[in-house]
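Let's have the full structure, built from the sequences with the hints guiding it.
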Amino acid sequence: MVLTNETIEQRLKAKFGDLLTNFETPYGMLTFEAPKDYNLKLLQFLYDDTELRFQFLTTLCAVHYPDQPGRELAIVYHLHNLQDNVRIRFKVFTDINTPDIFTATNLYSTANWMERETYDFYGVNFVGHPNLKRILNVDEMDYFPMRKEFPLEDGTRIDKDDAMFGRG
Amino acid sequence: MSEIAHNHIKLPEGSIEKQTTTLNLGPTHPATHGVMQNILELDGERIVSAEQTIGYIHRAFEKLAERRPLYQITTITDRMNYCSSPINNMGWHITCEKLLKVKTPKRVDYLRIIIMELARISDHLICNSIVGVDSGAYTGFLYVMQYRELIYEIYEEICGSRLTTNIGRIGGFERNFTNAAFTKLEKFMDEYPKVLTEFESLFKRNRIFMERTQGTGAISAERALNYGFTGPNLRAAGVDYDVRIHTPYSSYEDFDFTVPVGSTGDNYDRFLVRNEEMRQSLRILEQAYRKVQAFTGAEAEVYHADVPEYYLPEKKDVYTKMEALIWHFKIIMGETAIPVGEVYQSVEGGNGELGFYLISDGGRTPYRLHFRRPCFIYYQAYSELTKGAMLSDAIMTMSSLNLIAGELDS
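As given, the protein sequences belong to chains A and B, one line each in that order.
Using my numbering, the letters of the first sequence correspond one by one to residues 778 to 945.
Using my numbering, the letters of the second sequence correspond one by one to residues 541 to 950.
Accuracy of the hints is not assured; some may be wrong.
To be verified - Below 25 Å or equal to it, Euclidean Cα-Cα: the simulated DSS-like pairs (lysine-lysine) are:
#1 A:K937 x B:K603
#2 A:K868 x B:K603
#3 A:K910 x B:K603
#4 A:K868 x B:K638
#5 B:K603 x A:K925
#6 B:K646 x B:K724
#7 B:K927 x B:K558
Because the hints were derived from the structure by calculation, they are not lab data.
What follows is the structure in structure tokens.
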């Protein structure tokens, strides 16, 4: 039997009911939202279910939406069922003041660095992570650089001393 | 004397009593083949634990991408896996084309496959010959290097640069392949199979090489999947996952090739899998070249899709035609409308599934762009792979995993 997006959606709705929302399929990939307390339960169900078998975590990242009060940070999971070759994506939204999300490291070893990277750039606190510290940036950094409040330097600024950059 | 030393040198607490030795492998060490650090705890020559520190060449690519129009991001992707940058470039173009719903002509797809398979060969041959160097066999490395040079010359014929290629555009290529490019490609396809066989015979049944690589750095299929391994490293563990087969892009479905798999997931199997993949790449190259040659008439000159809103017009048209000038201006200034949406597109990179997750809010730049960088994901298994191994095996394992610092740190 071919595992279609509709089958997955029905199966998830039968298990979680109205908790999962905003089902859509942008460019063919089933995408939906889950409440932040349910991310781990959902991942576990997707992993264990004999029909769904989403047992490969392709990638995990965060997105910052400063204009959505209470839902500023989205954590996006991309999962892959390698046997049936189906991919899905789900998102978990959290507010930026208490960005606490359960860690997926017990289920996926690969989540370890992915979550560290997400913490490093967005400040998402993965509860239960064995080693949640910065990974690409320096340990002393006291902000989360990928958040939208940190714009890139204006490329046209002229107040720099060019001599310092070998251009004077 | 000892009292003076005691006053001046402050050793960390308990370091005299400690039974193990701490060794910093890297960040700049010839054997790390890139800027990465491993803090090893050694008991004699055995590794008790390893902790990786990465990020030494982090350049904030994901942040930079949030300010650049789509076509300017290609140069960022070059600098990730710089051993096979054309694959990254193509992956990025294919992602954009998916978002923009651009359909590329078959000839473009086949030309892209030629470039991507050449890049895969150059990636694998570097990785495998470096594994040889780390086991003490320098010859193979120097020998195959001239064929990487030939591949780089083909790149040069097509796009003008060698390492950070910036090859291709959204919709196709910046110019048609020259005859010189095809001549060099023919030369490569003619000579390389023999070289590859020779290279392989240097190592495959070499007693020293076998003993150094068999059983070292091994990982089971389950652990490899759990760690998110992809590419040759996963296939060496026995899982036949290949993006080219699972989610074909750029018309890979038109080609006949097999996916080699190993069984033990150790350094030796990774070596063999990469070698066999080079053979399969040669098969794909030959088919692609035949398919490209089979085009006749106007089709034989097609090298880009007809999408004036994303593909830069020819320079001579920009100077003489009003419409071309307008498109040129709009593209360069990033003023063409980009649809709102989110796409995930992956390609089979030199070392695994290279993914692009692009969210567009309709603005001139991506709202968010996330790179799934295969070696960032599998490098975290390194401490598990080397636990209990000898220090010299850890070096081999590192090169056999095909770590590229540029991709690791993004």
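* **25 Å Cα cutoff - pair K927 of chain B, K558 of chain B** => Since the Cα atoms of K927 of chain B and K558 of chain B sit roughly 19 Å apart, the hinted pair holds (cutoff 25 Å).
* Within a Cα-Cα threshold of 25 Å, do K868 of chain A and K603 of chain B meet the stated pairing? -> holds (21 Å)
* Satisfaction of hint between K724 of chain B and K646 of chain B, Cα-Cα up to 25 Å -> holds (22 Å)
* Would you check the hint for K868 of chain A and K638 of chain B, treating anything up to 25 Å between C-alpha atoms as holding? => Satisfied, since the Cα-Cα distance of roughly 21 Å is no more than 25 Å.
* Taking only the CA atoms, is the gap from K910 of chain A to K603 of chain B under or equal to 25 Å? -> This hinted pair holds, its Cα atoms lying about 20 Å apart.
* Decide if the proposed pair is consistent with the structure: K937 of chain A and K603 of chain B, CA atoms, cutoff 25 Å inclusive. => Holds, at about 22 Å.
* Given the proposed pairing of K603 of chain B with K925 of chain A, does the C-alpha separation stay at or below 25 Å? -> The hint holds at about 9 Å.
No hint from the list above goes unmet by this structure.
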